[in-house]
Amino acid sequence: MSRLLCGVLASRQAVAGTLIVLLFAGMALLATELTSYEPSRQDLSADLQPPSRAHWCGRDKLGRDVLSRVVYGARVSLLVGVVVVGITGSIGLFIGAVAGYAGGRTDDVLMRLIDILLAFPGIVLAIGLSAVLGPSLRNVLLALSVIGWTGYARLVRGEVLAWREREFVAAAVALGAGPVRVVTRHILPQLLAPLVVQATFGMAGAIVAEASLSFLGLGVQPPTPSWGAMLNEGRSFLLVAPHVALFPGVALTLTVFGLNLLGDGLREVLDVRGSD
Amino acid sequence: MGTYILRRVLLAVPTVFGVITLVFLLIHLTPGDPVDVMLGETAQAADKVQLRRQMGLDRPLPVQYARYLYHLARGDLGRSLHSGRPVRRLIMARYPATLELASAALVFALGLAVPLGILAAARPHSIWDGLGRVVAVLGAAMPNFWLGPLLILLFAIDLEWAPVSGRDGLAHLVLPALTLGIGMAGVLTRMLRATVLERLGDDYVRTARAKGASERRILLMHTLRNAALPVVTILGLQAGALLAGTIITETIFSWPGLGRLTLLAIQTRDYPLVQGCILVIALSYVGINLFTDLMYGWIDPRLRRPS
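Residue numbers (this note's numbering), protein chains in the order written: chain A, 1 to 276; chain B, 1 to 307.
Only chain B is shown next, with the shape it has when bound in the complex (with noise of 0.2 Å):
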């Protein structure tokens, strides 16, 4: 296991350096001077040329990555042109409440498809499964800055059982979780009502039938052991999409992550702001996506050989 580890890790590094480098690249794609984007075009000569030196912007392209490798090195992303608070603080003071939220949309997203997913398998054109199937079409078809806004009506204003907005404490975690939660739940349903019913033609599962196996053992110990793996790689997949989500989920519900760190960044062309953020989003996708390949290892050990 030692060596599969290492030989994943050492896979993610050159995928590291090319996020690193495309979000170095991506404020020299401004249109013009990204200074005067920054600044606005009526901004004094003295102030652009202060900024374009505090940036390193003055300097050749080669010369600006190098200093920019060298100071991510020491973690240092810049500091912030609006606030001027250094940036990787601003991100480190959001990013808890960011992982609360979508670790709480990932809970709700498993508790409702797992079972469901199983149930849908086990009882095909049941109720669970035309439930199962209203939750991947309701998952699939209605984004977040519509089923949020929908969530607030009707269990915030209509009902009062949920908090509008805010983060202060477990009830004003539901409703952003839900709203976060539901696509992956659809994602993850589907995919667990297809993967479980093919495993359950397996022959080993018509062995421990033949065995006398009850219908709930060859279930929960036989199937879902096996039905894991492309669960675990949907779930990898689906991150992502659970990371790009919060910058939305926390804008409708005001929720004070690193989602809405990156859209207030975004809206004051805060730069460095939006490159730390950008950057900080994405390399937690490849350690998540890291994480995952290690499970595949652990779920299925025939993997860990080098192919």
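Looking at chain A on its own, in the form it has when it is part of the complex (with noise of 0.2 Å):
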């Protein structure tokens, strides 16, 4: 852990990363400090508002402040980011490991369950999955979840393979260690680096899905805030009210580049090859 913070330190791109992700996520958490106005209280008379004093980033098509919306949508998308990278790199963990270290048969029908995910490209399954399922954004979490995984599997299940084959592992055996102890205590500490920088570029990814999600209505419902289906609806104004659609799309760019520049910085300070 001191390894890692070291490394994010060490690294301008991680420490400029860090700071945007935390701008970010401090958003989030106060966004009932920071923002003055309810983010789905309605005024017609004033739709469209451009930026002002009182409005900073203007009125959407309802009259409901921008900003506030900006501000309360980071809640979404980071809490959409934390809980799927959370719950597929737990699911990818499980199922590398079990792969990696149990070989054979075992690890081949893994193997092949996760070519045939990984033969659905990218969002399409969590499109198909998001539509048959429902828009909400506890199905998007669903959809996400299912199709995330197998990155990080891949990734353990590579390393476990590679680790189990050495001298300190056959040490921990020879003195009587059962295989869980032996993944648990010996073989996934020293995975943590490259967890830790699939898990930055996940949770980027999964930023992005869900906006793409709720862009196409299959996501986040209103008036629950989103920076996706805020572009979709901004995307109609784009001539007359260009503000309804910028401000959350430099959120949601600005988001992922800064997670984007973490893992690009860890990964080089780590010396991780090959995570996203």
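Keep in mind that the hints are not guaranteed to be accurate.
As the list claims (entries may be wrong) - Covered, in the sense of this in silico footprint (three residues per stretch, anywhere, with C-beta under 8 Å from a C-beta of chain B), are these stretches of chain A:
#1 124-135
#2 207-213
#3 231-240
#4 246-253
What the hints assert, rightly or not - Label pairs and their in silico Cβ distance ranges:
#5 B:Glu41 with A:Ser2: 55 to 65 Å
#6 B:Arg206 with A:Leu34: 56 to 66 Å
#7 B:Arg53 with A:Pro222: 32 to 42 Å
Simulated from the structure, these hints should not be mistaken for lab results.
Even for Gly, the Cβ is constructed at its ideal location relative to N, Cα and C.
Could you fit the two chains together into a complex? Lean on the hints.
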């Protein structure tokens, strides 16, 4: 863990990425304190009002304060990012460790399952799942978790395969350690660096995927603010009120940029290859 | 090479079956009765019974699966609930437009990434390197549903250089291809820069230099060929993002392709059409990955040997 912290501080990219991510995390956590308006409060007499001193980012087609919606939208985005990374990371860690340590037929079956899931390009399976399950935040989390664990599983399997041949693992086995102890106490701590890098990129991917689903109307439903849904609404008013799409777009791009910077910086400093 | 091709094709068969099975099961994940979701809970009981029978949902799951495979083998993907037309025909009518858009995006991505990646590697810390980084960052951080509207605002509305939407000639292709291809261009530029830089340190490059070969010859004749394998890998992986990206890009630019048809099918709860579209997109991806595998064997003959 201290190696990770030193890594972050040693890389300018990682520091810049961390600061951007912390900015949005702070926005999400302090949303109620940072905004003066309810994100769902409508004022149809002030629809599409441009940015002003009272409403720094203007108002949308229902007269809602765009800044409040962007700030509350950060909650949804970061929640999805954290929860999806937590679920997919845990599933991937478990399946990858089992496949890598058990080997043989178990490994073959699990890898074939992963190959099938990977045969669905990116978000297509999530779109299909969201379509049949119905649009909601819970179903977005479910759909993104179903497709997201394969990358972690492949990473962990590869690492476990490499580490289980090392002498300290052989020594632990010779001393009577069982498979669970060998994997959890001796091998998994070695995987922290590549897993953290993968999780950083995974979080960026989950945030973009949630925004994509919400943009298509298959994600978070109104009136809950989501950057993807706000972009879709703002698309119709690009000519007359570009601010409606501009601010959620900038927030989304900056968050993903920050996470990518952090991931790149960590990968460089921790000398992890090919995690994104 | 013949044995290599046969082996790769045989390895793809279980994946194809897995994809078909997963797409078949998709409709059965619907909470409650899928017929209720498609027709609405207030629909007449007789209509529900008829649809259930039409889709074979009144039979046991294994029978439904066997029928699905049987119909699929005959190229029958069922009928659209909305239009009543065969799903296969609806998809085939839209597929060429998606192929056209994806190909244009691929050409744009390669046309931008290959020269930029090579120049960035040949002259690190130069303006080309900086430009390469900008493309990589832009491609990674700007989702196409945000870039697309921005391009429309700038190039279609403000400058009036390109049409806003539709499919009617080359001019209509520019903005959607740019929107769809920028992500791939970013990943490729980054990968190419890293790979060419790595290859430039290899022994055979030093030998070529010692023999008096020009830098241009070293880059284009020696390094690029050896950097091709990882680039082809990335191309194969990114093809998935390209296919998935068509759903959003076609929606933004009203491009009459498979992606837009998929979204339309989802919005109208036309499940046989949703199933058909997702199956075709996934099988296209499997086909591209198989082609990528075959390319490996062509680029690097050592890979043709069984491991």
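* Asked: Are there hints from earlier that the structure breaks, and if so, what are their numbers?
  -> No numbers; nothing is violated.
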